[in-house]
Amino acid sequence: MAEPRFLVVRNDEEQYSIWSADRDLPAGWHDTGFAGSREECLAHVDEVWTDMRPRSVREALS
Amino acid sequence: MTDTLTVSAVHGPDLLWPDATLADLITAQAARTPDAVAVRQWDTRLTYRQLVDRAAGVAAALREHGAGRGDRVGVCGARTPDLVVAVVGVLLAGAAYVPLEPGGPRARLRGIARDAGVRVVVGDGAAAEFGDEPGVTALGLPGPALLAPCPARPGDPAYVLFTSGSTGRPKGVLTTHRNAVEFVTGVSALTGADASVRSLGIASLGFDAATMDLFVPLTLGGAVQLLGADDRADPVRLARFVAEHEVTWGFITPTVLALLDPAGLPSWRVLLCGGEAVPAELAARWAPGRRFLNGYGPTETTVLAVTCDLTPADTDPMPIGRPLPNHRAYVVDADLRPVPAGETGELLIGGPGLADGYLNRPGLTAERFVPDPFGDVPGERLYRTGDLVRQGPDGRIVYLGRADRQVKVRGQRIELGEIEAVLAACPGVERVAVEAVPGPAGAELVAFLTPAGAPDDDGLRAYAASRLTTAMLPARTVRLDALPVSATTGKLDRPALRELAAATPATVDDVPADDDRVTGAVRRIWTRLLGTAPAPDSDFLAAGGNSVAAMRLVAALRAELGRQVDTGVLFADRTFAALVDRVRAADPADADGLTTGNPPTLSPPQRRLWFMDQLAPSSAPYNIAVAHRLRGPLDVTALGAALRAVAERHDVLRWRIPCNGGVPYAVREEPTDVAVPVIDLTGAADPDGELAGMLAAGAGHAFDLATGPPWQVTVYRLAAQEHVLAVTLHHAVFDGWSEALLYDELALAYARALGRSVPGRPPLPATYADYAVWRADRDRRRGETDLAWWTAHLAGAPTALDLPRDRPRPAVQTYAGAEAAVRLDETADRAVRDLATRRGTTVAAVLLAAFGELLRRVTGGDEHVLGAIVADRRLAAFDEVIGFFIDTVPVRVRSGGASFAEQVDRAAAELHDVTAHPGAPLERIVEALGVGRDTSRAPLVQVLFNVLNFVAPRLTLTGLAAEPVPVPKPGSPFDLTVYVVERDGRAGVEVVHNPDLFTGERITALLADLADLVGALAADPDAPAAEVAPELPRPAVRVAALGAMSVATAEPARAPLPAGSDALTATEELIAGIWRDVLGRDAVGVSDNFFDIGGHSMALAAVHARLTEATGRSITMLDLFRHPTVRALAASLDGAADRPELARAAMRAAARRGRARRTPPPRRPHP
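These protein sequence lines are chains A and B, in that order.
In terms of the numbering used here, the first sequence opens at residue 1 and continues consecutively.
In terms of the numbering used here, the second sequence opens at residue 63 and continues consecutively.
A couple of the hints might just be wrong.
What the hints assert, rightly or not - Just so you have them, the derived chain A footprint on chain B, three or more residues with Cβ under 8 Å:
1. 426-432
2. 440-451
3. 949-957
Claimed, not checked - Stretch by stretch, here's where chain B covers chain A in the computed footprint (C-beta under 8 Å, at least three residues):
4. 13-24
5. 27-41
6. 52-59
Just so you know, these hints were derived from the structure itself, not from any lab.
Ideal Cβ positions, reconstructed from N, Cα and C, are used throughout, including at glycine.
Generate coordinates for the entire structure from the input sequences, incorporating the hints supplied.
Here is the structure:
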């Protein structure tokens, strides 16, 4: 059986998560275009999510 | 999708919360109530002003070192109020605090500081722990500074807590101000917390529960009662701290709560328990008399996410409840799809409590915080808790275990949590943890069970075999007193368990043959608690000991060996051999000699009550009567079955006390169905009036101890769904402590009788008869020493206390009772509490001292002897036993020539000292003091000062809402009984007095003046007490009614007794012969007073039996009392055709039974 595939997804606060590739994406979440196994997706998040503050907080600070 | 109709999803109610930071809320509160106490630890108090001024100093210092918004600052300090200053200071600076607890493993501490990017550490431990760390500035606490506004915004992190990860590398959870403020608002609303809250500051700062401890009170104007390290480490000290600081509200883990006793902690009215599964047994013990809430939540959802009230009716597996306000909970399968309601799945939490994520761990954050496919707000996340739950039929979520604890045993995937849930429901098992360890044939399961007396392997297998697959049955079981817990979080320590499982299982039988008793006992306790048998040089810490283990060890030594060892010893000189030496050197105590399985045996206090019963057979001052109104469907048959079950377990309720030759003894009846008469008042014209009359009559029921049950139960039906359950018990088989036990047992037995699945209770470790036998032995060993102490202590003290009264004292004591109460006003209450705190004592001691001063002003005497009540439940084995464990002891109160503060100190010392000499019961003290017997008053103690402050426990019956119904006290065993109480948060006293002596007006005035006097004295404790408020009490209290200070001479002047003649009459000869036999004397004179030549109560009973038998006449015990010489008694027997005095007493008793009673204050049993 093939390993389940996941998508790297992001919301408007620019928080990242992963989501099963064969399920509808919940409202307010967007596909970042990266897909792979769970491990691959999480490794990708580790690379791209560099500022973990929610966008609204980040913007209020600057 | 159709399954959305039935999925497991629960939403908490909506609740607004302030859009502010914690720092904003605290400074705003400080502006409102600058002088209120914000933090207290014994004598150290910080007002809000001090807290904020000093925190502003910390913030200023942090700013100077460049730390502010967006930074993380370490807090490293001992558990003193300064720690709170440091925390608030970091928040005020706009930074997030990172708890770095001093004294832990240094590498871990520094690793966390590095991970968190901490450049500044503040607190009194900072220099010691970080002084030599390059790149880190260690700051002590600076002085106060002017407050500057907090630059942080609600979305900024407030703190970062590091929790241990499965990989072993701690992960830091980023919690924002918004998270914390929303949570604090929700939990405060849920628990009714307000400015009066005094929280239990027990959680370690690194545990998320500290958010509750600190910020609930500090945002409301309440006060944090912060425990120091020592008070936190010893259950007895912890209990004392909670009692003395009058903690009202607090969170605690079940593991630590299990070490405390609810009886002494009445002020703690809101108790949140959690951090790990709450056993049903714990809820049953603690829920009565307070709100008891389960609290569930991972750090990632900000302290608590799911909660509910627990009651004794809740059973394992325990519900964790429903989401907090603004939160939602879903139960899902491995693919995050909802499961049908009632099925097991992983718990997901959504809502404003969700943390931002894990510091510098984006991948891990993305894994645990997932998109919310269920909610209606786009872009929301849910936190995967990793906990397995299901939704119960009542909608509450039930916790089943961890989801990630799957192991493979012999090829099968096994969920350890599932095994734990099954075993936890096995009767006799309290807590369970199952771990998989490598074994010779692959992974093998080891089950750890508490208590040490949990069912054996056969019993466990019999229960589990039909509920678990073969592969799920544990290969080994280990029984422990308690499961190991982490010192930081107070939660189950699984790594320690795995080590324990891997180690060769040590058994309790593994004891070297040459152990003496003390060594053997300490070895057994050590082995049980730490899992491995000690060698003489075994080191407590190296063996896995920590502060919680130390606390348990000390508790076990106290409970099982009766030895008091300080926890400090375990850390100072840590070897097993040293501990044994310390235990040996500690005071030998009373635990020795407990035997079990004894046949029914009367204890000395029971004999005393039996004697009182013989003396006044028609009155019932020693009854305890309670009643509850039950709303809902009452199953009377199930109630009868439940009562029978209670009596089966507590055999003292089945005792009869007949006598033979004047010697009472106990026999036990076999269990029978308990009759539950139902009296139907549904058609009554005045049901309330009739109910009140019937309750009073039932409370005054005269039990025949020789032939009938010592308790009775009546149900009054007021409507189909409304009943009153009334229970009256003779004090000889019951006491105040027993009340909570009765309710707990009844609740469980009733649930079982209704067919609910209720875990069985382990057998009682001891019976009342075992107490009586243990006590007889104790009294034999200690009796002479203790008696010598009492006679010395009471030498020269007055033995009668006559308060100014309104009516002559009846020649024969009556037992009529009337009630009154007073509560201190707020100022007096505060003054009393402050003084108690300053003197390191209790409110009761202050009230006793004030009462003593009042007595001095009223009687003119400098000292008085009152009675106090001591519960002789000195062994843990008696904790769960219903029965009469109460001693009345004399208390010598000295007033005069002193400041009130000194009087309080004396009263405190006295209250302490009188509990320490239990080997000589009151009868022996009375006898040894040679107190003359007098039918008009109780010997030695005429006024009782009762400081045993039991919270009225709550009855909870399945399917019924129960509320207490006041029942008038059936009578007054003393002239006056003073109960120290707390009502609605203020101290007060309630009294029962004898209306044959005092009018209600006098007693009411006396109470009012006492309340005023205690307030005045406490406000001016250093002045000579006699000079404070000299106008008190008012003349109406001070001065007796005219002629009332006499004893009623009801009997006409007696004919002079025949004197001078050496020849004895036949009656005199008969009596003298019986006296000689009973007292074991060769000769008695006709004019010798029975009580002066070795006679005492029980001897009198023997004389009474012999004389009744010899003469065939009906003679009352009282006759013997009133005529204590051979000659007087003979004259009375020969010439007593007409005895007006006794006839009058009988008439008084009859009148009393018919008298309408005043509405009493809330019910409180006699001691």
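(request) Count residues of the stretch 949-957 of chain B with a Cβ under 8 Å from any Cβ of chain A, then say if the count reaches three. (result) violated (count 0)
(request) Count residues of the stretch 27-41 of chain A with a Cβ under 8 Å from any Cβ of chain B, then say if the count reaches three. (result) Since 5 is at least three, the answer is holds.
(request) Establish whether the coverage given for the stretch 52-59 of chain A by chain B is satisfied; the threshold is a Cβ-Cβ distance below 8 Å, and no fewer than three residues must meet it. (result) holds (count 5)
(message) If you count the residues of the stretch 426-432 of chain B with a beta-carbon closer than 8 Å to a beta-carbon of chain A, do you get 3 or more?
(response) holds (count 6)
(request) Given that the stretch 440-451 of chain B was listed as covered by chain A, double-check it with a C-beta distance under 8 Å for 3 or more residues. (result) holds (count 4)
(request) Given that the stretch 13-24 of chain A was listed as covered by chain B, double-check it with a C-beta distance under 8 Å for 3 or more residues. (result) holds (count 9)
Violated hint for the displayed structure: number 3, the only one.
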